[in-house]
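Colleague: On the provided structure of chain A, position chains B and C as indicated by the hints.
Protein chains in written order, with my numbering: chain A, 13 to 115; chain B, 216 to 303; chain C, 7 to 157.
The hints are simulated quantities; they were obtained by calculation from the structure and are not laboratory data.
Ideal Cβ placement from N, Cα and C applies to all residues, glycine included.
Be a bit skeptical, because a hint or two may be false.
[Claimed, not checked] Okay, derived cross-link-like pairs now, SDA-like style, lysine to any residue, Cα gap no bigger than 20 angstroms in a straight line:
1. 300(B) - 147(C)
2. 78(A) - 44(C)
3. 300(B) - 107(A)
4. 78(A) - 274(B)
5. 78(A) - 273(B)
6. 300(B) - 63(C)
7. 300(B) - 146(C)
8. 53(A) - 231(B)
9. 300(B) - 65(C)
10. 78(A) - 36(C)
11. 53(A) - 247(B)
12. 300(B) - 64(C)
13. 78(A) - 28(C)
[Stated by the list, open to error] Here are the simulated distance ranges between beta carbons:
14. 113(C) - 292(B): 44 to 50 angstroms
15. 118(C) - 84(A): 33 to 39 angstroms
16. 21(A) - 292(B): 36 to 42 angstroms
17. 21(A) - 40(C): 30 to 36 angstroms
18. 33(C) - 40(A): 37 to 43 angstroms
19. 26(C) - 22(A): 26 to 32 angstroms
20. 21(A) - 270(B): 18 to 24 angstroms
21. 104(C) - 36(A): 54 to 60 angstroms
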Amino acid sequence: MNIQQIASIPFLLGGFFFFVAATVGLLRFPDFFCRLHATGKGDTLAVLLSLIGLSIYEGFSLTSLKILFIAVFMFLAQPTSTHAISRAAMRCGQEPWVKERSK
Amino acid sequence: MDSFFLYLGMGLFTLVFLCLYRSVFGPGVLNRIAAISAIGTKTLVILLLMGFIYNRVEMFIDISMVYALLNFIGTITAAKYLEMKGEV
Amino acid sequence: MTSVTDDIIIRAVARIMIPFIQLYALYVIMHGHHSPGGGFQGGVILGASFILYLLTHGLEEAKIRMSEIKAGLFSSFGVLIYSGIGLLCLILGSNYLDYGKLSTILKVVPAQARSLGILGVEIGVGIAVMAVMFSIFFDISTGGELPEDEE
Numbered sequence: 013m014n015i016q017q018i019a020s021i022p023f024l025l026g027g028f029f030f031f032v033a034a035t036v037g038l039l040r041f042p043d044f045f046c047r048l049h050a051t052g053k054g055d056t057l058a059v060l061l062s063l064i065g066l067s068i069y070e071g072f073s074l075t076s077l078k079i080l081f082i083a084v085f086m087f088l089a090q091p092t093s094t095h096a097i098s099r100a101a102m103r104c105g106q107e108p109w110v111k112e113r114s115k
Numbered sequence: 216m217d218s219f220f221l222y223l224g225m226g227l228f229t230l231v232f233l234c235l236y237r238s239v240f241g242p243g244v245l246n247r248i249a250a251i252s253a254i255g256t257k258t259l260v261i262l263l264l265m266g267f268i269y270n271r272v273e274m275f276i277d278i279s280m281v282y283a284l285l286n287f288i289g290t291i292t293a294a295k296y297l298e299m300k301g302e303v
Numbered sequence: 007m008t009s010v011t012d013d014i015i016i017r018a019v020a021r022i023m024i025p026f027i028q029l030y031a032l033y034v035i036m037h038g039h040h041s042p043g044g045g046f047q048g049g050v051i052l053g054a055s056f057i058l059y060l061l062t063h064g065l066e067e068a069k070i071r072m073s074e075i076k077a078g079l080f081s082s083f084g085v086l087i088y089s090g091i092g093l094l095c096l097i098l099g100s101n102y103l104d105y106g107k108l109s110t111i112l113k114v115v116p117a118q119a120r121s122l123g124i125l126g127v128e129i130g131v132g133i134a135v136m137a138v139m140f141s142i143f144f145d146i147s148t149g150g151e152l153p154e155d156e157e
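Okay, chain A solo, but in the shape it has when bound (with noise of 0.2 angstroms):
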């Protein structure tokens, strides 16, 4: 254990925290905008951390500079993917979740 896998640990416990966190707010939440909501600021942040730590405990070379490459194009594009089907699902007519008012 050099120093390198003790320093991406943290990052690919954060990541794989956020995974869980995703997931169980796309289980759990009533309604598909709340759950686009975990999915795609929470897969966005763990495949991030996950990335920095597997590039950290890959050292400095051609390999983790295309897992940077990665972790960039997924932070380019999974905002985009989830504003697109959110646009869609908007223009599609689902009305959004709201809380039941007790009278």
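Modeller: Coordinates of chains B and C only, in the frame set by chain A:
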């Protein structure tokens, strides 16, 4: 460190199955698209972990990058189709 | 029907990403004998970048970049490169697609001629796959009718 990657990959695999519940039983096509997108994101990390376990990262990294790219284009395509159709 | 294509966020992100996707596709084609990939996979990624352009910028702007006629010409050109290299080997007195004989005209040792020959074939396959994928998607998105045929 390899066993740590193995357990992390197994945990992500469990999460993929949990997302598969939403993509099979989820009401409506929009929930299914969101679940498939989330599965693709997790698969990308699983591929990289597999590469580190097998010591062939420089091979798996290309597959992982193409997977991310096709996931993005597929989601955009589904969104555009639904938006042009105008209904769910 | 251009409801998606006027969205500024999707257009801007696609405009940033498409050059890098095409560069990565060229990398996959060129680096095909050291890593997974090759002509077919690189061609698919290159075609996917054009499909992303068509999805985000609409049919009319995509026709300026890559029209149906250009796609047909590119697919024929890729097959021409592939079969031309094969026939060149056949003319030089060897089997079809046996690149060893190319060393007589390329002035290199046969092992290097094999490497260059497979590279040329992969470039041809990549161009053909890109053009065929794009023309299939083009046909689907126009509903099978070509507007320029009607006049």
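Colleague: Taking the hints in turn, state whether each one holds.
Modeller: Outcome of the hint check:
no.: 1; hint: 300(B) - 147(C); result: holds (13 angstroms)
no.: 2; hint: 78(A) - 44(C); result: holds (18 angstroms)
no.: 3; hint: 300(B) - 107(A); result: holds (17 angstroms)
no.: 4; hint: 78(A) - 274(B); result: holds (11 angstroms)
no.: 5; hint: 78(A) - 273(B); result: holds (9 angstroms)
no.: 6; hint: 300(B) - 63(C); result: holds (18 angstroms)
no.: 7; hint: 300(B) - 146(C); result: holds (15 angstroms)
no.: 8; hint: 53(A) - 231(B); result: holds (17 angstroms)
no.: 9; hint: 300(B) - 65(C); result: holds (17 angstroms)
no.: 10; hint: 78(A) - 36(C); result: holds (17 angstroms)
no.: 11; hint: 53(A) - 247(B); result: holds (17 angstroms)
no.: 12; hint: 300(B) - 64(C); result: holds (16 angstroms)
no.: 13; hint: 78(A) - 28(C); result: holds (16 angstroms)
no.: 14; hint: 113(C) - 292(B): 44 to 50 angstroms; result: holds (48 angstroms)
no.: 15; hint: 118(C) - 84(A): 33 to 39 angstroms; result: holds (36 angstroms)
no.: 16; hint: 21(A) - 292(B): 36 to 42 angstroms; result: holds (38 angstroms)
no.: 17; hint: 21(A) - 40(C): 30 to 36 angstroms; result: holds (31 angstroms)
no.: 18; hint: 33(C) - 40(A): 37 to 43 angstroms; result: holds (42 angstroms)
no.: 19; hint: 26(C) - 22(A): 26 to 32 angstroms; result: holds (30 angstroms)
no.: 20; hint: 21(A) - 270(B): 18 to 24 angstroms; result: holds (19 angstroms)
no.: 21; hint: 104(C) - 36(A): 54 to 60 angstroms; result: holds (59 angstroms)
In the structure shown, no violation is registered for any of the earlier numbered hints.
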